[in-house]
Amino acid sequence: MSDVIKLLSENVANQIAAGEVIQRPASVVKELLDNAIDAGATDIQLIIREGGKTWIQLLDNGKGMSATDARMCWERHATSKISKTEDIYHIKTIASVAQVEMKTKTKDEAIGTFISIEGIEVLKQESIATETGTNITVKNLFYNIPARRNFLKSNPVETKHIYEEFARAVLAHPEITFTLHNNNEEVYFLKKTTLEQRIAEYFSIKTSEQLLAVEEETTIAKIHGFVGKPEFAKKTRGDQYFFVNNRFIKDAYLNHAVFSCYENLISKEQFPFYVIFISIDPAQIDVNIHPTKTEIKFEDERSLYQILKAVCKKAIGEHYHAPTYTPNNEDTFINFGATPLAKSTETHNRTVTSTDAFYQPTNAHQTFSKNKANTKDWQELFGILNKEETIKDVSPRGFERISSELELNSDSNANTKNFMQLHGAFVLTQVKSGILLVDIQAAHERILFDKYVNAMHNHPIASQQKLFPKSITLSHADSLLFNEILPDIKALGFDINNLGGNTYAINGLPAELNHNNELHLIEEVLENYKQQQTDKNKQHNIAKVLAQRAAIRVGTKLDYEEMNTLVDELFSIADNKTSPSGKSCFKIFSIDQLYKLIQ
Numbered sequence: 001m002s003d004v005i006k007l008l009s010e011n012v013a014n015q016i017a018a019g020e021v022i023q024r025p026a027s028v029v030k031e032l033l034d035n036a037i038d039a040g041a042t043d044i045q046l047i048i049r050e051g052g053k054t055w056i057q058l059l060d061n062g063k064g065m066s067a068t069d070a071r072m073c074w075e076r077h078a079t080s081k082i083s084k085t086e087d088i089y090h091i092k093t094i095a096s097v098a099q100v101e102m103k104t105k106t107k108d109e110a111i112g113t114f115i116s117i118e119g120i121e122v123l124k125q126e127s128i129a130t131e132t133g134t135n136i137t138v139k140n141l142f143y144n145i146p147a148r149r150n151f152l153k154s155n156p157v158e159t160k161h162i163y164e165e166f167a168r169a170v171l172a173h174p175e176i177t178f179t180l181h182n183n184n185e186e187v188y189f190l191k192k193t194t195l196e197q198r199i200a201e202y203f204s205i206k207t208s209e210q211l212l213a214v215e216e217e218t219t220i221a222k223i224h225g226f227v228g229k230p231e232f233a234k235k236t237r238g239d240q241y242f243f244v245n246n247r248f249i250k251d252a253y254l255n256h257a258v259f260s261c262y263e264n265l266i267s268k269e270q271f272p273f274y275v276i277f278i279s280i281d282p283a284q285i286d287v288n289i290h291p292t293k294t295e296i297k298f299e300d301e302r303s304l305y306q307i308l309k310a311v312c313k314k315a316i317g318e319h320y321h322a323p324t325y326t327p328n329n330e331d332t333f334i335n336f337g338a339t340p341l342a343k344s345t346e347t348h349n350r351t352v353t354s355t356d357a358f359y360q361p362t363n364a365h366q367t368f369s370k371n372k373a374n375t376k377d378w379q380e381l382f383g384i385l386n387k388e389e390t391i392k393d394v395s396p397r398g399f400e401r402i403s404s405e406l407e408l409n410s411d412s413n414a415n416t417k418n419f420m421q422l423h424g425a426f427v428l429t430q431v432k433s434g435i436l437l438v439d440i441q442a443a444h445e446r447i448l449f450d451k452y453v454n455a456m457h458n459h460p461i462a463s464q465q466k467l468f469p470k471s472i473t474l475s476h477a478d479s480l481l482f483n484e485i486l487p488d489i490k491a492l493g494f495d496i497n498n499l500g501g502n503t504y505a506i507n508g509l510p511a512e513l514n515h516n517n518e519l520h521l522i523e524e525v526l527e528n529y530k531q532q533q534t535d536k537n538k539q540h541n542i543a544k545v546l547a548q549r550a551a552i553r554v555g556t557k558l559d560y561e562e563m564n565t566l567v568d569e570l571f572s573i574a575d576n577k578t579s580p581s582g583k584s585c586f587k588i589f590s591i592d593q594l595y596k597l598i599q
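Following our numbering, the numbering of the sequence shown begins with 1 at its first residue and continues without gaps.
These aren't lab readings, by the way, just hints derived from the structure by calculation.
Cβ coordinates follow ideal geometry from the N, Cα and C atoms, glycine included.
Treat the hints with caution; some may be incorrect.
Lysine-lysine pairs mimicking DSS-like chemistry, simulated, CA-CA at most 25 Å apart [said to hold, decoys possible]:
1. K191 - K206
2. K103 - K153
3. K124 - K103
4. K222 - K313
5. K587 - K538
6. K234 - K470
7. K153 - K293
8. K229 - K470
9. K577 - K451
10. K432 - K587
11. K587 - K577
12. K297 - K250
13. K250 - K229
14. K234 - K250
15. K313 - K229
16. K432 - K577
17. K107 - K192
18. K538 - K490
19. K234 - K490
20. K314 - K234
21. K313 - K451
22. K234 - K596
23. K250 - K309
24. K538 - K557
25. K234 - K206
26. K557 - K583
27. K596 - K538
28. K268 - K314
29. K309 - K234
30. K583 - K451
Restraint ranges, calculated between C-beta atoms of paired labels, are given here [what the hints assert, rightly or not]:
31. E185 - H423: 50 to 58 Å
32. T565 - E164: 42 to 50 Å
33. K297 - A147: 29 to 37 Å
Based on the sequences and whatever the hints tell you, model everything.
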């Protein structure tokens with residue numbers, strides 16, 4: 001019997017190793033930045049083109065390498081790390097999936113070294129005149145693995161990931177000067193400074209107005225950094241940074257410790273800003289549980305959780321005294337000294353308003369009784385309906401049949417209102433075969449979604465101009481993505497102009513979104529696009545977010561004409577079974593099914 005186990009070639013082995021640590025251009029940037037910082041650089045320049053797919057160049061003024069080291073650094077298991085826990089020097093794996101050139105020189109040498117490598121094969125090595133430090137260029141990432149290259153996202157999306165890695169480096173090392181060029185344009189020039197000033201410059205914020213300092217030292221850990229004031233919380237993730245011993249990490253448990261300090265201060269859809277550094281004994285942590293080193297294990301995680309929560313709560317508490325979160329249809333704000341809801345003297349009726357800042361209801365001043373006993377009974381009854389397998393299968397081919405069922409019987413009184421609204425959530429109407437139950441919010445989402453998709457493809461929506469335009473300033477990364485989706489946004493009725501740099505003027509909105517929280521809406525559209533990160537569904541994702549924000553909310557009172565229009569528009573859509581969120585838009589119950597329910 002012949003042998004079936006064969007050794008992989010060194011090149012294939014390195015490509016497999018590269019798959020663990022080099023997932024996209026941002027992974028290369030991370031490795032190059034780490035190496036430059038480890039080399040003691042005080043000035044680092046990063047140059048990228050086309051999302052890093054074709055060109056990533058990093059120049060540093062670190063200690064550089066000798067001719068021998070320049071060659072040895074490409075050998076497997078070679079490392080320049082002070083910590084010997086690194087098993088593979090990742091430049092080795094980069095060279096297996098890209099074309100790499102490097103110039104380097106130490107301060108003690110009069111002449112430097114140039115080396116060119118492609119697919120781990122050294123093509124050229126020679127002596128050249130160059131400055132002290134290292135200049136490394138990575139070209140055509142995954143040029144020899146087409147399948148991997150095809151899985152890369154669009155240039156703006158890949159650039160955004162590079163910006164994220166760049167942000168982690170500049171925040172962890174304010175003592176280093178950083179420069180970033182994207183497609184021959186200078187994006188960042190950050191001189192060495194303090195952490196507070198670095199945060200202010202990178203995020204374009206006024207730290208004294210928006211941030212609170214946190215600092216505490218215990219026998220377990222030392223914590224310092226900044227957390228955002230509640231009123232500056234955003235509808236988007238991404239501005240949350242943990243550093244343990246100056247290494248960026250992701251930790252859901254510690255993230256919860258910080259978020260819990262904002263309970264009742266911000267809505268569940270908002271995310272506070274924070275940049276927090278934790279210094280801890282290396283013996284108390286394990287950094288080797290994930291190939292990218294972004295997840296670590298703490299020996300005493302519970303104690304660290306309590307310390308972190310206490311220090312953040314202290315910072316927020318010293319700035320705010322007994323704050324109360326009050327949701328309404330306008331911007332979220334902190335209500336000082338407000339009477340708690342439980343002690344309110346208003347015991348009979350209250351105005352019901354949506355906690356969603358983007359929705360403008362048809363009748364925003366509708367009042368409802370606070371007595372919800374009947375609602376519970378209805379929920380139990382409707383639960384029985386849902387458990388019965390009594391739902392007709394409605395397919396596009398049955399579209400005409402369903403439409404005909406909506407017609408009233410010939411002996412019906414034309415002046416009789418045949419629509420009924422149930423608990424502000426459903427529309428109930430008689431059809432030939434029984435009754436039709438429509439989920440108002442889901443149905444309206446479907447109607448708006450189709451309208452928005454059609455607008456982006458064929459018929460742009462007219463914009464309703466604002467009396468007082470608002471401006472919004474985005475980060476460089478968000479601005480890059482926003483410019484990509486701006487044409488689609490404008491087709492939906494948004495009148496938005498670039499004022500220069502990363503600042504935009506919002507001059508008009510589509511009628512359905514005529515509210516005072518368009519800034520939060522832009523943030524949410526961007527966040528959704530970040531999460532999806534696909535060009536294929538870009539327009540659908542935008543339409544989905546806007547439809548969810550503009551749809552009628554539960555509790556909104558509809559008159560006969562509004563209910564009639566809702567049903568008519570829903571059944572004018574061929575694909576009307578579910579909303580963009582996946583909820584059923586309607587159910588039809590036959591007379592026989594209704595009889596069975598009460599027998």
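Checked hints:
1. Restraint check for K191 and K206: satisfied, since their Cα atoms lie roughly 17 Å apart, inside the 25 Å limit.
2. About 30 Å separates the Cα atoms of K103 and K153, which puts this hinted pair outside 25 Å; it is violated.
3. For the hint linking K124 to K103, the alpha-carbon distance of about 12 Å falls within 25 Å, and the restraint holds.
4. At roughly 16 Å between alpha-carbon atoms, K222 and K313 fall within 25 Å of each other, so this suggested pair holds.
5. At most 25 Å may separate the alpha-carbon atoms for a hinted pair to count; K587 and K538 exceed this at roughly 30 Å.
6. A C-alpha spacing of about 17 Å is found between K234 and K470, which places the hinted pair at or below 25 Å, so the restraint holds.
7. A threshold of 25 Å between alpha carbons decides the hint, and for K153 with K293 the separation of about 23 Å falls inside it, so the pair holds.
8. With a C-alpha separation of about 22 Å, the suggested pair K229 and K470 falls inside the 25 Å cut-off, and the hint holds.
9. Taking the CA atoms of K577 and K451, the gap is near 16 Å; set against the 25 Å cutoff, the hint holds.
10. Proposed proximity of K432 and K587 is supported: the alpha carbons are some 14 Å apart, at most 25 Å.
11. The hinted pair formed by K587 and K577 meets the criterion: a straight-line CA distance of about 9 Å does not exceed 25 Å.
12. Annotation: proposed proximity of K297 to K250 holds, straight-line Cα distance about 11 Å (limit 25 Å).
13. Only pairs whose Cα atoms come within 25 Å are accepted, and K250 paired with K229 is accepted, the gap being roughly 22 Å.
14. Proposed proximity of K234 and K250 is supported: the alpha carbons are some 19 Å apart, at most 25 Å.
15. Between K313 and K229 the CA atoms are separated by roughly 11 Å; this keeps the pair inside 25 Å, and the hint holds.
16. Distance check on the hinted pair: K432 and K577 sit about 19 Å apart at the alpha-carbon level, within 25 Å; holds.
17. Under the criterion of a C-alpha separation no larger than 25 Å, the hint pairing K107 with K192 is consistent with the structure, at around 22 Å.
18. Taking the CA atoms of K538 and K490, the gap is about 14 Å. The hint holds against a cut of 25 Å.
19. Between K234 and K490 the alpha-carbon distance is near 23 Å, which keeps this suggested pair within the 25 Å criterion.
20. The straight-line distance between the Cα atoms of K314 and K234 is roughly 21 Å, inside the 25 Å bound, and the hint therefore holds.
21. The suggested pairing of K313 with K451 is violated, with an alpha-carbon distance near 45 Å, which exceeds 25 Å.
22. Only pairs whose Cα atoms come within 25 Å are accepted, and K234 paired with K596 is rejected, the gap being roughly 50 Å.
23. For the given pair, K250 sits about 16 Å from K309 by alpha-carbon distance, which is consistent with the 25 Å threshold.
24. With a C-alpha separation of about 33 Å, the suggested pairing of K538 with K557 is violated against the 25 Å cut-off.
25. Taken as a hint, the K234 and K206 pair is honoured in the structure, with Cα atoms around 16 Å apart against an allowance of 25 Å.
26. The hinted pair formed by K557 and K583 meets the criterion: a straight-line CA distance of about 21 Å does not exceed 25 Å.
27. A C-alpha spacing of about 46 Å is found between K596 and K538, which places the hinted pair above 25 Å, so the restraint is violated.
28. Distance check on the hinted pair: K268 and K314 sit about 21 Å apart at the alpha-carbon level, within 25 Å; holds.
29. At roughly 20 Å between alpha-carbon atoms, K309 and K234 fall within 25 Å of each other, so this suggested pair holds.
30. Straight-line distance between C-alpha atoms of K583 and K451 comes to about 18 Å, which keeps the hinted pair within the 25 Å bound.
31. Evaluation of the 50 to 58 Å hint for E185 and H423 yields a pass: the beta carbon distance comes to about 55 Å.
32. In this structure the supplied range 42 to 50 Å holds for T565 paired with E164, their Cβ-Cβ distance being about 45 Å.
33. The given range of 29 to 37 Å is respected by K297 and A147, whose C-beta atoms sit roughly 33 Å from each other.
In summary, the structure is inconsistent with hints 2, 5, 21, 22, 24, 27 from the numbered list given earlier, while agreeing with the others.
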